[in-house]
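K.L.:
Full structure from sequences and hints, please.
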Amino acid sequence: MEDEPNPDHEIADLLPGYLANRRADLPSIHKALSAGEFDRVRVLAHNMKGSGAGYGCATLSEIGGRMEAAAKIGDMVAVEEELAAMTEWLGRVAPDQEGA
Amino acid sequence: VKTVVLVVEDSPEVVALVERALAGEVRLRVARSLAEARATIRAERLDLILLDISLPDGEGFELCGELRSTPETKDVPVVFLTGRGGIVDKLAAFSLGADDYIVKPFDPLELLVRVRTRLERSRHRDRSDEVLRVGDLEINVASMKVGLVQGGAARPILLTSVQFRLLYHLASHERQVFDRAQLIRAVWNGAVVCERTVDTHLSNLRRKLGPLADYLESVRGVGYRFCSGEGSRKVES
Numbered sequence: 009m010e011d012e013p014n015p016d017h018e019i020a021d022l023l024p025g026y027l028a029n030r031r032a033d034l035p036s037i038h039k040a041l042s043a044g045e046f047d048r049v050r051v052l053a054h055n056m057k058g059s060g061a062g063y064g065c066a067t068l069s070e071i072g073g074r075m076e077a078a079a080k081i082g083d084m085v086a087v088e089e090e091l092a093a094m095t096e097w098l099g100r101v102a103p104d105q106e107g108a
Numbered sequence: 090v091k092t093v094v095l096v097v098e099d100s101p102e103v104v105a106l107v108e109r110a111l112a113g114e115v116r117l118r119v120a121r122s123l124a125e126a127r128a129t130i131r132a133e134r135l136d137l138i139l140l141d142i143s144l145p146d147g148e149g150f151e152l153c154g155e156l157r158s159t160p161e162t163k164d165v166p167v168v169f170l171t172g173r174g175g176i177v178d179k180l181a182a183f184s185l186g187a188d189d190y191i192v193k194p195f196d197p198l199e200l201l202v203r204v205r206t207r208l209e210r211s212r213h214r215d216r217s218d219e220v221l222r223v224g225d226l227e228i229n230v231a232s233m234k235v236g237l238v239q240g241g242a243a244r245p246i247l248l249t250s251v252q253f254r255l256l257y258h259l260a261s262h263e264r265q266v267f268d269r270a271q272l273i274r275a276v277w278n279g280a281v282v283c284e285r286t287v288d289t290h291l292s293n294l295r296r297k298l299g300p301l302a303d304y305l306e307s308v309r310g311v312g313y314r315f316c317s318g319e320g321s322r323k324v325e326s
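As given, the protein sequences belong to chains R and W, one line each in that order.
Using the working numbering, the letters of the first sequence correspond one by one to residues 9 to 108.
Using the working numbering, the letters of the second sequence correspond one by one to residues 90 to 326.
Just so you know, these hints were derived from the structure itself, not from any lab.
Idealized CB from N, CA, C, for every residue including glycine.
Check before you lean on any hint, since a few could be wrong.
Chain R is faced by these chain W residues, among others (derived, beta-carbon under 7 Å) [said to hold, decoys possible]:
| # | residue |
| --- | --- |
| 1 | Ser100 |
| 2 | Glu102 |
| 3 | Val103 |
| 4 | Ala105 |
| 5 | Arg109 |
| 6 | Gly113 |
| 7 | Ile191 |
| 8 | Lys193 |
| 9 | Pro194 |
Far from chain R, some chain W residues (derived; all Cβ distances over 10 Å) [what the hints assert, rightly or not]:
| # | residue |
| --- | --- |
| 10 | Glu114 |
| 11 | Glu133 |
| 12 | Asp146 |
| 13 | Lys234 |
| 14 | Ala270 |
P.N.:
Here it is in structure tokens:
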């Protein structure tokens, strides 16, 4: 698949930990969103945008960018859509990568 | 002494990427907030700062402004490394004196190359600013001029570029003895040069130094050394 993680070999060993941390972000984002804490969502999304592609996960950077923009304007529906995309992507690729 | 780079970044995952990108090139210091960064800057000489904008206790812009308005840190290269890619942020960074601006996510190789470039320019500038005073000699690296200091004024001594490099190399390593092969490597960059050529240039250099000719000492059976009897010191031009 085109959007599978594709890290440089120098950082491949860091990828499982990175993906695990993103999975841990999911309930945090859900919780922040439920509480209407859009700034918290924005920070998490911003960090994901900035780091994802560096770990070979360009899709996560893209999702992070869209989620950050949605959180900035308090667009809950758009944030939920990106959260669903993030959940789906992580569920699809993380198990393989962690076994690598 | 290894180059020291401070990365001001609150995301440990970005720090890990920076560490990998610059591994083996620099010694990395990490600050996760502006307060930590200020403490590190006060405590240590830094060669370059990688600076995020969005930090827990403020924005990197503040720190950049402080660095530029402080004499001790005004010349330390500052490279913004941030997820904020808008033109307003870029303009703000450069107007505050940033040397470069990298938007996250970044390519590790690009980061490495940009950091290297900044460090090389910084080193070159440091060298260019350098004026070496040894005894009654004043050697300006940027202008490649040499002066004989007498009564507070420097009388110029006209040297060829080879003579200048030879003099600078010896004077910047006062009292250290160099054999001819070492001087050829240092002055002629290892080009094929007859050792006798070194003697000829040394002889001409002594003649031009006039009353300071004795600064260039022959060490029998070995080579040459510079000895002003007073030691050298570097001053800003």
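K.L.:
With reference to the structure, classify each hint as holding or not holding.
P.N.:
Here is how each hint holds up against the structure:
1. Ser100: holds (5 Å)
2. Glu102: Result: holds, 5 Å to nearest chain R Cβ.
3. Val103: This hint holds: Val103 (chain W) lies near chain R, its Cβ roughly 5 Å from the closest one there, short of 7 Å.
4. Ala105: holds (6 Å)
5. Arg109: Holds - the Cβ of Arg109 (chain W) comes within 7 Å of chain R, reaching about 5 Å at its closest.
6. Gly113: Interface hint status for Gly113 (chain W): violated (11 Å vs cutoff 7 Å).
7. Ile191: violated (11 Å)
8. Lys193: holds (3 Å)
9. Pro194: This interface hint holds because 3 Å falls under the 7 Å limit.
10. Glu114: holds (13 Å)
11. Glu133: holds (26 Å)
12. Asp146: Correct as stated: the minimum Cβ-Cβ distance to chain R is 14 Å, above 10 Å.
13. Lys234: Non-interface label on Lys234 (chain W) holds, nearest chain R Cβ at 46 Å vs cutoff 10 Å.
14. Ala270: Correct as stated: the minimum Cβ-Cβ distance to chain R is 39 Å, above 10 Å.
This entry does not satisfy hints 6 and 7, going by the numbered hints stated previously.
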